[in-house]
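Asker: Next come the chains, spelled out residue by residue.
2 protein chains.
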Amino acid sequence: MRFSPADLEHPIVQAPMGGGVSTPALAAAVCEAGGLGFLAAGYLTPDAVRADVESLRELTRRPFGINVFAPPQPVPNPRAIERYAGALARRHGVEVGAPRHDDDGWEEKLALVAELRAPLVAFTFGCPEGAIVGRLHAAGAAVWIAVTTADEARAAERAGADALVVQGVEAGGHRATFDDTAPNDLGLLAAMQLVAAASALPQVATGGLATGRSIAAVLAAGAAAAQLGTAFMLAHEAATTEAHRDAIAGAGETALTRAFTGRTARGILNRFQREHGPEAPLGYPDVHHVTAPLRKAARERGDADGFHLWAGQAHALAEPAPAGELVRRLAAEARTALRDAARC
Amino acid sequence: MRFSPADLEHPIVQAPMGGGVSTPALAAAVCEAGGLGFLAAGYLTPDAVRADVESLRELTRRPFGINVFAPPQPVPNPRAIERYAGALARRHGVEVGAPRHDDDGWEEKLALVAELRAPLVAFTFGCPEGAIVGRLHAAGAAVWIAVTTADEARAAERAGADALVVQGVEAGGHRATFDDTAPNDLGLLAAMQLVAAASALPQVATGGLATGRSIAAVLAAGAAAAQLGTAFMLAHEAATTEAHRDAIAGAGETALTRAFTGRTARGILNRFQREHGPEAPLGYPDVHHVTAPLRKAARERGDADGFHLWAGQAHALAEPAPAGELVRRLAAEARTALRDAARC
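Protein chains in written order, with numbering that gives the first Met the number 0: chain A, 0 to 343; chain B, 0 to 343.
Read the hints as simulated data drawn from the structure, not as lab findings.
A few of these clues could be false.
FRET-style restraints, in silico, Cβ to Cβ [claimed, not checked]:
no., chain 1, residue 1, chain 2, residue 2, range
1, A, 8, B, 250, 35 to 43 Å
2, B, 136, A, 339, 23 to 31 Å
3, A, 100, B, 268, 43 to 51 Å
From the structure, some residues in chain A lie toward chain B, with a derived Cβ separation under 8 Å [what the hints assert, rightly or not]:
no., residue
4, 248
5, 252
6, 323
7, 337
Where a beta carbon is used, it is the ideal one built from N, C-alpha and C, also for glycine.
Start from the sequences, fold in the hints, and give me the full structure.
Answerer: Structure (structure tokens):
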């Protein structure tokens, strides 16, 4: 039997957060508390992914998820990326990275997650072909596909997905839209309703969920589980930097931008995002590679104005605590909220 | 005792929809079915408002709401509006309206709703002063204020509001933001959570709610009631035009625009919105008056590409039915959804 969200003790999923925030310790703590922990394979070498899975399995025997980026779209205008790279280099007086269009080791990672017999593989940024989903099913994995619209949900269902991660525009980090040339702005509840009208697959709802009441809300809307990212970024086990933690705990407004990676993503507005958001071209992961040295340097010097402060819209409500405590507390609050509302 | 959303048989509010869509017959049908009907005072003469209230009272004795626009913000750049008016006139080869900055009869309407002893007065586009709220309280009215952020919620609470209409970015028609020079993009669930952390006032949730499950969601999130606009636009009693009804029943994508009125609003993308959205200046209601003749002509010839197709993000799920039937069906679906979710 493949993993199903109905198997969870608590209907809470820790979102995979690439770039180092998601640690095996975080995923294991969530799993051990009765939720579902996730590893993020994105940006990592296959060896690092393997090491993460092994670390996680030393910490828990429970099922977990691992997220893989679908291959990127072609870059519509490579010259625009070169111009952006040049402007960044001049503005910041430093070397920027070379634009590079790579698929983040797509085939290797597919083979690896099958070989490692991950219980659950989730895809973001696009829809894998049905044959790939079939291969993972044959390896015992459940397959979730992140969607933001009814059309994407239909495509994911045709590909054989077991569940849909329905992402609202409230979510922090990258939008999961298949086609970033035409991003949509559907809020979570609107997306859930439109997706439910298009597909009967189980929904895992994500985007701006930070409280037990919001988890109750998506469960009442029909979700099988709620997926929380930012709400786990202050967890003790998360590898969130101090500067990023401070920003999440603050009241700063978030906005969508392509400034950091060339793909639409939500971050807390800082100087880099304000300055470069308007001119940033479409082109992922090319722009990601261009800005990588700038962001790394800013992160190392603790400069919250120089790197991507990915966060969902409700970030100010995130709480610092051990992840297992967060899972238990949020689940209890959600249950109370549902009981209170059902009594009315 | 002032009207409270807890007094409702069904926690469903019909949103006030200006420009003619909200009719006394619609509001009365919603009230009679056990929800809360609303009249929209916006754009109407005081005599027309008085006539609407009298018509409504002939149809129902139940409490109802009436919505009043808070006075508009100053126009930052009147020249930009003149340029826009000129461009529209040239592009469409017709006379456009004169830009006019008026307050929609603010003082007269305040006096009128007090004189008519409306049970509930709601404000949109800004926060009335505490003295005004006090005057309405003295006239027996409950006062609701539409908000989109925690800061706006705090201001509304300070002014003495009895409840907050929390509007998410999913909503059709105008955004309720107090300051349209700095619109935010908070989704409904994110806004509700952030507002709840800032104010304990009862919340009436609105934005993209079209199904019983979505109503269940906002009730589980803590709302006292759900307010639906687009979901009532296909109701038999609504005065929605045929062209607008067809667009709502379709799958067209919505987007925010200032093209029609100079204030950020959500409509189904059509030719006018695509062509003029990028260049449209900030300036309400000045731009509203400029485009009024164009929109009226388009509406009269049934040209859905020429007027504002206000609609929330979940518009494709709206159903044509008598409004009372909609209220009862949505309330029953919401109760079932809450019971199902609470059982998990």
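Asker: Hints the structure violates: just list their numbers, smallest first.
Answerer: Hints 3, 4, 6 are the ones this structure does not satisfy, whereas the remaining hints hold.
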